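K.L.:
Below, each chain spelled out in residue letters.
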Amino acid sequence: MSIDDKFKTLGLQLPAPMQTANLPFDLYRLDGQILYLSGHVPTESDGSMAKVLGKVGAEVTPEQAYEAARKVTLGMFASIVAAVGSLDRVEAWLKVFGMVNVAPGFKTIPPVINGCSDLILEVFGADVGAHTRSAVGMAELPFGVPVEIEAQLKIRL
Amino acid sequence: MSIDDKFKTLGLQLPAPMQTANLPFDLYRLDGQILYLSGHVPTESDGSMAKVLGKVGAEVTPEQAYEAARKVTLGMFASIVAAVGSLDRVEAWLKVFGMVNVAPGFKTIPPVINGCSDLILEVFGADVGAHTRSAVGMAELPFGVPVEIEAQLKIRL
Amino acid sequence: MSIDDKFKTLGLQLPAPMQTANLPFDLYRLDGQILYLSGHVPTESDGSMAKVLGKVGAEVTPEQAYEAARKVTLGMFASIVAAVGSLDRVEAWLKVFGMVNVAPGFKTIPPVINGCSDLILEVFGADVGAHTRSAVGMAELPFGVPVEIEAQLKIRL
Numbered sequence: 066m067s068i069d070d071k072f073k074t075l076g077l078q079l080p081a082p083m084q085t086a087n088l089p090f091d092l093y094r095l096d097g098q099i100l101y102l103s104g105h106v107p108t109e110s111d112g113s114m115a116k117v118l119g120k121v122g123a124e125v126t127p128e129q130a131y132e133a134a135r136k137v138t139l140g141m142f143a144s145i146v147a148a149v150g151s152l153d154r155v156e157a158w159l160k161v162f163g164m165v166n167v168a169p170g171f172k173t174i175p176p177v178i179n180g181c182s183d184l185i186l187e188v189f190g191a192d193v194g195a196h197t198r199s200a201v202g203m204a205e206l207p208f209g210v211p212v213e214i215e216a217q218l219k220i221r222l
Numbered sequence: 066m067s068i069d070d071k072f073k074t075l076g077l078q079l080p081a082p083m084q085t086a087n088l089p090f091d092l093y094r095l096d097g098q099i100l101y102l103s104g105h106v107p108t109e110s111d112g113s114m115a116k117v118l119g120k121v122g123a124e125v126t127p128e129q130a131y132e133a134a135r136k137v138t139l140g141m142f143a144s145i146v147a148a149v150g151s152l153d154r155v156e157a158w159l160k161v162f163g164m165v166n167v168a169p170g171f172k173t174i175p176p177v178i179n180g181c182s183d184l185i186l187e188v189f190g191a192d193v194g195a196h197t198r199s200a201v202g203m204a205e206l207p208f209g210v211p212v213e214i215e216a217q218l219k220i221r222l
Numbered sequence: 066m067s068i069d070d071k072f073k074t075l076g077l078q079l080p081a082p083m084q085t086a087n088l089p090f091d092l093y094r095l096d097g098q099i100l101y102l103s104g105h106v107p108t109e110s111d112g113s114m115a116k117v118l119g120k121v122g123a124e125v126t127p128e129q130a131y132e133a134a135r136k137v138t139l140g141m142f143a144s145i146v147a148a149v150g151s152l153d154r155v156e157a158w159l160k161v162f163g164m165v166n167v168a169p170g171f172k173t174i175p176p177v178i179n180g181c182s183d184l185i186l187e188v189f190g191a192d193v194g195a196h197t198r199s200a201v202g203m204a205e206l207p208f209g210v211p212v213e214i215e216a217q218l219k220i221r222l
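Residue numbers (the working numbering), protein chains in the order written: chain A, 66 to 222; chain B, 66 to 222; chain C, 66 to 222.
Hints are computed from structural coordinates only; laboratory data are not their basis. Possibly wrong hints are sitting among the right ones.
The list makes no distinction among identical chains, and a pair is therefore deemed to hold if it is satisfied within one copy or across any two copies.
[Unchecked claim] No farther apart than 20 Å at their CA atoms in a straight line, the calculated lysine to aspartate or glutamate pairs in the DMTMM-like style are these:
1) K73 x D96
2) K172 x D192
3) K219 x D96
4) K71 x D111
5) K172 x E128
6) K116 x E132
7) K116 x E187
In this text, all values refer to a predicted model and were calculated from it rather than measured experimentally.
Could you build all of it, start to finish, from the sequences and the hints given here?
P.N.:
Written out as structure tokens, the structure is:
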């Protein structure tokens, strides 16, 4: 089954491209076979910032943060399709940098970023989806989003 | 107009290379066509650390932080010239990772890192200057600098 | 002298691979000649998380943090050998991203990450070991580890 078909079979839908309010950067840049993805924040289906804001371990529960990381990932999938036309063009996920907006003392950061890793592996499978990762706690993230993730991928020519 | 000429036309000047006090790392490393730039801090024209120190949203205003991000970027331009001889060798800005030393509750991080993105786009134009970006809030940065930025670029052979 | 021999001559030993408790990511991923290393935490010789936990500048001293960064680096060496069979396969260290779990006000971050840079240069020498670097202060790191470091390297074919 193609990855695009797998995505649909799982009942998932791509959101609209993440809205960046005219900020002076691009959501992605393709250099040869390497696709760079900007830091993505959690978005709703229309590409607007998700409503759940605040620090994980305080206003935002770990469960909400896992879901936020999943929403970030769907937005990254949308950027991949915008960049190269299809999820099937991905040859490898190389690197995921997962940042969590932590309340003081919130240390169980990896399970939050699993919301991203789990979805990548579910959709792309173990071979294509295998990725290196850091999952770390930030002092603040833009506009109070609970999770922000950037990534680098290898694209099939 | 060449990018080097554009740079001069804008009345800009390259600072001396960032002083790193014999720390055991390099400001840049070129691997094939990919140029890696270390985390740069704001520097004055002589390459010394800029005097404005502290947390953005407390000791440092957002306007000062924007200016600090601009100074960081001029230092990165100096590292590019030191690495490959000319700004015209840049084929693409690929990735900018912008880190702001935030006071608790300071969330308007992207406008600070615009001090970097705006200058890149002003000097290099939309095609070469287009870049992916993350703009995030750190708990502390070395010696209390308000902004630190690292980047990856594509170099013309 | 080969780098593997140099490593032994220095009396160093590779730890077992870092234990990741079934977290859904890989310690490394090789794409062509680029080796991506996940964020590594300090580990003991059996690959388990080192016992020194907490914030640098509070529970953890700068000296302990330097030692923790060194342990992280030995774990990264183990991942390199697991990925490509030998330290001699490294053609260049390209990029080191060093993250310190800081207590409020702890700003002398670069000397901590020197625990990594110093060991790289000691083992690999100035040519292969030269690397770009950022050394920054995080709000929290997974499970309270004092240091986490990720890296990208160039591998000899």
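K.L.:
It remains to establish, for every hint, whether it holds in the given structure.
P.N.:
Cross-check of the supplied hints:
| no. | hint | verdict |
| --- | --- | --- |
| 1 | K73 x D96 | neither (28 Å within a copy, 28 Å between copies) |
| 2 | K172 x D192 | neither (29 Å within a copy, 38 Å between copies) |
| 3 | K219 x D96 | both (10 Å within a copy, 8 Å between copies) |
| 4 | K71 x D111 | neither (22 Å within a copy, 39 Å between copies) |
| 5 | K172 x E128 | within (14 Å within a copy, 23 Å between copies) |
| 6 | K116 x E132 | within (12 Å within a copy, 31 Å between copies) |
| 7 | K116 x E187 | neither (25 Å within a copy, 34 Å between copies) |
Violated hints for the displayed structure, listed by number in ascending order: 1, 2, 4 and 7.
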